[in-house]
Amino acid sequence: MGCIYGLVALGFVLIYKATELVNFAQGDLLMLGAFVCYMSVAWWGLPYWAGFLIAVVAIAAFGALLDALVLRRVIGQPQFAVVMLTIGLGAMFRTFASVTWGSEIYTLPTPFGGVWTVGGVTLSHQYLSIVAGTLILCGGLYAFFNHTRIGIAMQATSQNQLAAYYMGIPVKLIFSLVWAISAGVAAAAGILLAPVTLIDINMGLAVALKAFAAAVLGGFGSIPGAVIGGIVIGLIELYAGATLPEGFKDTAPYIVLLLMLIVRPQGLFGTLARKKV
Amino acid sequence: MRFQFKTSYNQDIRLFRDKVDGFWYGLLAVAVVALPLVLDDYSVGEISWVFIYGICGVSLMVLVGYTGLVSLGHAAFLGIGAYAHAYFIMHGAPWIVAVVMAVVITTACGLIVGLPALRMTGIYLAIATLAFSVIIQEVFSRWESVTHGFAGMKVDSPVIFGVAVADGRSFYFLCLFFMVIVLWLTRNLLRAPTGRAWIAIRDSEIAAQSMGVNLAIYKSMAFAYSAGLMGLAGALFAHKIGYLAPDIFTILLSIQFLLLVIVGGLGSLHGAIFGAIFVALLPPAIAILRDSIPDTMNQWAQDSGVTALGLLGNAIGEFLRKPGVEAGIFGLILVLVILLEPLGMYGRWLKIKLFFSTFPMYKASTFKRQKSYMRSERLR
Amino acid sequence: MSLFQAENLSINFGGIKAVDGVTFDVAPGEVFTIIGPNGAGKTTIFNLVSRIYEPSGGRLTFAGRDITNVPPHLIASLGIARTFQNIELFEHASLLQNLLLARHAHKRSSFWSELLFLPSVRRMETEHREAVEKVIDFLDLQQYRDSLIVNLPYGVRKVTELARALCTDPRLLLLDEPSSGLNVEETEDMAFWIQDIKNLLGITVLMVEHDMSLVSAVSDRVMALNYGRPIATGTPAEVQAHPEVIRAYLGG
Numbered sequence: 130m131g132c133i134y135g136l137v138a139l140g141f142v143l144i145y146k147a148t149e150l151v152n153f154a155q156g157d158l159l160m161l162g163a164f165v166c167y168m169s170v171a172w173w174g175l176p177y178w179a180g181f182l183i184a185v186v187a188i189a190a191f192g193a194l195l196d197a198l199v200l201r202r203v204i205g206q207p208q209f210a211v212v213m214l215t216i217g218l219g220a221m222f223r224t225f226a227s228v229t230w231g232s233e234i235y236t237l238p239t240p241f242g243g244v245w246t247v248g249g250v251t252l253s254h255q256y257l258s259i260v261a262g263t264l265i266l267c268g269g270l271y272a273f274f275n276h277t278r279i280g281i282a283m284q285a286t287s288q289n290q291l292a293a294y295y296m297g298i299p300v301k302l303i304f305s306l307v308w309a310i311s312a313g314v315a316a317a318a319g320i321l322l323a324p325v326t327l328i329d330i331n332m333g334l335a336v337a338l339k340a341f342a343a344a345v346l347g348g349f350g351s352i353p354g355a356v357i358g359g360i361v362i363g364l365i366e367l368y369a370g371a372t373l374p375e376g377f378k379d380t381a382p383y384i385v386l387l388l389m390l391i392v393r394p395q396g397l398f399g400t401l402a403r404k405k406v
Numbered sequence: 087m088r089f090q091f092k093t094s095y096n097q098d099i100r101l102f103r104d105k106v107d108g109f110w111y112g113l114l115a116v117a118v119v120a121l122p123l124v125l126d127d128y129s130v131g132e133i134s135w136v137f138i139y140g141i142c143g144v145s146l147m148v149l150v151g152y153t154g155l156v157s158l159g160h161a162a163f164l165g166i167g168a169y170a171h172a173y174f175i176m177h178g179a180p181w182i183v184a185v186v187m188a189v190v191i192t193t194a195c196g197l198i199v200g201l202p203a204l205r206m207t208g209i210y211l212a213i214a215t216l217a218f219s220v221i222i223q224e225v226f227s228r229w230e231s232v233t234h235g236f237a238g239m240k241v242d243s244p245v246i247f248g249v250a251v252a253d254g255r256s257f258y259f260l261c262l263f264f265m266v267i268v269l270w271l272t273r274n275l276l277r278a279p280t281g282r283a284w285i286a287i288r289d290s291e292i293a294a295q296s297m298g299v300n301l302a303i304y305k306s307m308a309f310a311y312s313a314g315l316m317g318l319a320g321a322l323f324a325h326k327i328g329y330l331a332p333d334i335f336t337i338l339l340s341i342q343f344l345l346l347v348i349v350g351g352l353g354s355l356h357g358a359i360f361g362a363i364f365v366a367l368l369p370p371a372i373a374i375l376r377d378s379i380p381d382t383m384n385q386w387a388q389d390s391g392v393t394a395l396g397l398l399g400n401a402i403g404e405f406l407r408k409p410g411v412e413a414g415i416f417g418l419i420l421v422l423v424i425l426l427e428p429l430g431m432y433g434r435w436l437k438i439k440l441f442f443s444t445f446p447m448y449k450a451s452t453f454k455r456q457k458s459y460m461r462s463e464r465l466r
Numbered sequence: 511m512s513l514f515q516a517e518n519l520s521i522n523f524g525g526i527k528a529v530d531g532v533t534f535d536v537a538p539g540e541v542f543t544i545i546g547p548n549g550a551g552k553t554t555i556f557n558l559v560s561r562i563y564e565p566s567g568g569r570l571t572f573a574g575r576d577i578t579n580v581p582p583h584l585i586a587s588l589g590i591a592r593t594f595q596n597i598e599l600f601e602h603a604s605l606l607q608n609l610l611l612a613r614h615a616h617k618r619s620s621f622w623s624e625l626l627f628l629p630s631v632r633r634m635e636t637e638h639r640e641a642v643e644k645v646i647d648f649l650d651l652q653q654y655r656d657s658l659i660v661n662l663p664y665g666v667r668k669v670t671e672l673a674r675a676l677c678t679d680p681r682l683l684l685l686d687e688p689s690s691g692l693n694v695e696e697t698e699d700m701a702f703w704i705q706d707i708k709n710l711l712g713i714t715v716l717m718v719e720h721d722m723s724l725v726s727a728v729s730d731r732v733m734a735l736n737y738g739r740p741i742a743t744g745t746p747a748e749v750q751a752h753p754e755v756i757r758a759y760l761g762g
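Same order as they appear, the protein sequences are chains Y, Z and D. Using the numbering used here, read the first sequence as starting at 130 and increasing by one per residue. Using the numbering used here, read the second sequence as starting at 87 and increasing by one per residue. Using the numbering used here, read the third sequence as starting at 511 and increasing by one per residue.
No lab work stands behind these hints, which were simulated from the structure alone. Honestly, I wouldn't trust all of these hints.
When the alpha-carbon atoms are kept at most 25 Å apart in a straight line, the in silico SDA-like pairs for lysine to any residue are as follows [said to hold, decoys possible]:
{"id": "1", "chain 1": "Z", "residue 1": "408", "chain 2": "Y", "residue 2": "327"}
{"id": "2", "chain 1": "D", "residue 1": "644", "chain 2": "D", "residue 2": "616"}
{"id": "3", "chain 1": "Z", "residue 1": "437", "chain 2": "Y", "residue 2": "202"}
{"id": "4", "chain 1": "Z", "residue 1": "439", "chain 2": "D", "residue 2": "604"}
{"id": "5", "chain 1": "Z", "residue 1": "105", "chain 2": "D", "residue 2": "604"}
{"id": "6", "chain 1": "Z", "residue 1": "408", "chain 2": "Y", "residue 2": "221"}
It should be emphasised that the depicted structure is a prediction, and the values quoted were computed from it without experimental measurement.
Assemble the whole structure, with the sequences as input and the hints as a guide.
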């Protein structure tokens with residue numbers, strides 16, 4: 130579970146790093162990803178991996194389209210307005226999903242049926258698939274950001290748009306690409322999550338809120354921070370659910386977050402910058 | 087074009103700009119007072135929502151629009167106010183005392199939440215208030231001795247000084263009264279040093295500090311005042327809704343309040359009211375359209391003989407009846423407002439007013455804004 | 511007796527000594543200018559004086575009072591006002607509101623009296639307005655009174671910064687590069703104003719400036735700074751002729 134939070138948080142951080150937007154529709158992209166995969170597998174009879182691929186590509190393309198059509202227009206407006214814009218988009222996606230797929234709950238069949246027993250500990254393949262997926266995606270993204278030209282260009286763009294533009298970086302393309310990657314990651318997270326929580330139109334919201342908490346916990350803008358924050362939130366939730374009285378399972382992560390923010394307002398791995406005058 | 091001759095400093099301090107302005111506001115007041123006499127009970131009830139949401143809107147406008155602090159947890163303050171009010175009424179406190187207690191308790195909560203806010207900005211503050219609201223919601227459902235948990239809490243109509251405000255019309259005036267008071271008080275603060283200090287904090291904390299504004303005090307003051315108003319709104323809300331349950335005060339309600347201030351227009355009290363009108367009246371409007379669109383279009387189809395019109399009408403009605411469509415329409419409007427009219431409904435209103443007052447010399451470029459590039463907001 | 515004194519002022523940013531043992535004093539009624547190449551630590555000194563930065567060593571004295579530990583929001587009420595190099599106005603407020611805010615240090619009303627807008631608040635507001643109008647007249651800003659700052663040209667914003675600082679009724683005025691971004695005529699106006707501020711209003715000025723013609727025109731004394739250390743102090747002509755100053759600017 131923590132890995133899922135980490136993955137979604139990763140999506141948040143990616144977009145924030147590159148465009149300085151906080152995308153509240155991330156959870157809904159996750160939901161759309163899960164639905165598209167379900168549709169390909171259950172309705173069109175495609176194999177799981179094909180469905181996975183179709184969903185990730187489709188949602189990534191959708192993310193790029195979203196950037197080109199909507200989000201590019203609001204660059205330069207106050208951050209808060211843009212955040213609200215993504216909240217509005219998220220509400221539209223949910224409505225779209227409920228009109229298209231109805232409000233039933235679906236189960237996604239997966240090839241990860243078995244369990245694995247290592248030294249007395251039983252691990253189900255489903256959970257292992259989540260962990261493995263997270264590791265692969267994080268490794269890939271890390272390499273991409275630090276070792277490819279486009280990745281470095283993305284970092285440059287996030288620091289100063291105008292300067293990046295003058296240096297010949299195709300800023301618009303970069304933004305669309307970031308949105309595509311982030312949406313794709315969300316879709317992948319949704320598909321990995323689907324067997325655990327089942328698919329319904331509100332699956333994204335709860336996950337996104339916790340993932341957002343995870344991203345902040347890790348210090349917004351730090352990619353390893355996001356993943357670690359996600360795992361921490363997941364663990365807190367697990368232990369609070371197991372040991373504390375009922376009701377703490379869902380609130381414990383927030384209590385920890387609130388305390389952490391009071392002590393360290395910039396998150397675990399964030400840096401506190403101050404404006405120069 | 088109307089010219090204003092300014093001859094005294096008081097003119098910039100007054101509530102209404104000039105006599106003409108005062109006249110229009112007077113007319114508006116008469117209209118609002120006369121409305122319940124001509125409308126049916128259902129509409130009067132729906133317009134009462136406008137006033138309650140108006141108070142919420144002013145509350146959030148002070149915090150977001152003027153002080154520049156974003157809260158994703160205002161529904162929690164509304165809930166605290168509502169529950170506190172209901173609790174004191176249930177234990178026999180007079181109505182006025184219950185309202186005062188609701189305001190005092192939420193103000194105190196606002197102060198407590200405001201304290202961590204002193205060191206946080208932007209998304210960190212948003213997530214902290216969100217965390218607060220999630221925790222409070224859990225408290226509502228667990229603290230059964232006070233809130234009755236998911237069993238809910240029934241709230242009767244108010245009895246003020248022995249007079250029962252039982253019907254919708256009297257309640258309408260009660261809400262109207264409080265909204266006008268809130269508007270007046272807030273306007274007073276905004277034209278005084280406190281309001282200027284808030285605006286200064288919003289635009290540049292460092293400069294505000296160098297000009298003598300104590301950031302900590304004014305930020306917590308904004309939080310406390312905003313929360314207090316939310317408490318008042320909560321007391322009215324409790325009566326209006328009649329039945330309190332923890333799942334009313336979710337983050338979705340908080341988001342709806344944010345939507346209210348954005349659609350209305352950030353940074354103006356007019357915007358708070360415009361937004362309240364919009365948020366309170368859109369759901370009934372959708373409900374009406376749901377039935378009337380298919381009916382009218384079928385009528386047209388019969389008159390013109392084009393059956394496609396009727397089918398389209400039925401399809402639209404069917405669509406509007408689906409669950410969750412309302413949220414989608416809110417979302418769509420939010421997106422359109424931010425894309426096309428960042429200043430919200432109040433901004434549009436100013437443009438329309440200018441169009442008529444300068445007719446036929448209106449230039450669209452009057453409001454054109456310089457193209458802006460993104461600069462990092464991280465360094466604040 | 512000097513009005514303002516900095517003794518052995520120092521600050522480190524992660525091991526870099528941005529300001530390293532700077533000592534100077536400003537006499538009442540003079541214009542004291544700090545010059546130096548980019549990154550010499552001039553603005554940092556300003557941020558230390560207005561208490562935005564915490565000094566790692568040294569002492570600040572103003573009018574005989576130790577202000578090294580005064581919180582930043584009380585600096586204005588002591589009588590120290592400043593402008594900002596990159597303009598820190600309240601952009602979405604009118605010019606008038608910007609200047610009225612500068613009267614904040616002189617506010618005497620309580621929250622409750624403002625909530626009800628009692629007659630005392632109205633009287634106080636009118637007094638503030640009168641003070642602000644004097645500054646508006648002094649700096650010729652009448653026509654921009656009701657415009658929002660975002661809609662004003664750069665030159666006017668720069669003057670507004672100066673006006674806002676003057677509205678606090680300061681005894682010491684800190685000007686951070688008042689001429690940066692201004693054209694020749696605007697810089698000339700600025701020079702006149704600085705002289706008027708000194709001669710007519712009797713306000714002491716501490717200034718950071720690059721434009722040497724402005725510096726020599728208005729300054730009584732100049733301190734040159736390089737790598738956070740003072741290298742020369744004296745009249746503008748003396749400092750300009752100082753061999754170390756020439757070396758700092760021209761290299762070598």
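Hints, one by one, checked against the model:
1. 408(Z) x 327(Y): 22 Å, holds
2. 644(D) x 616(D): 16 Å, holds
3. 437(Z) x 202(Y): With Cα atoms ~21 Å apart, residue 437(Z) and residue 202(Y) stay inside 25 Å; holds.
4. 439(Z) x 604(D): 20 Å, holds
5. 105(Z) x 604(D): 23 Å, holds
6. 408(Z) x 221(Y): 13 Å, holds
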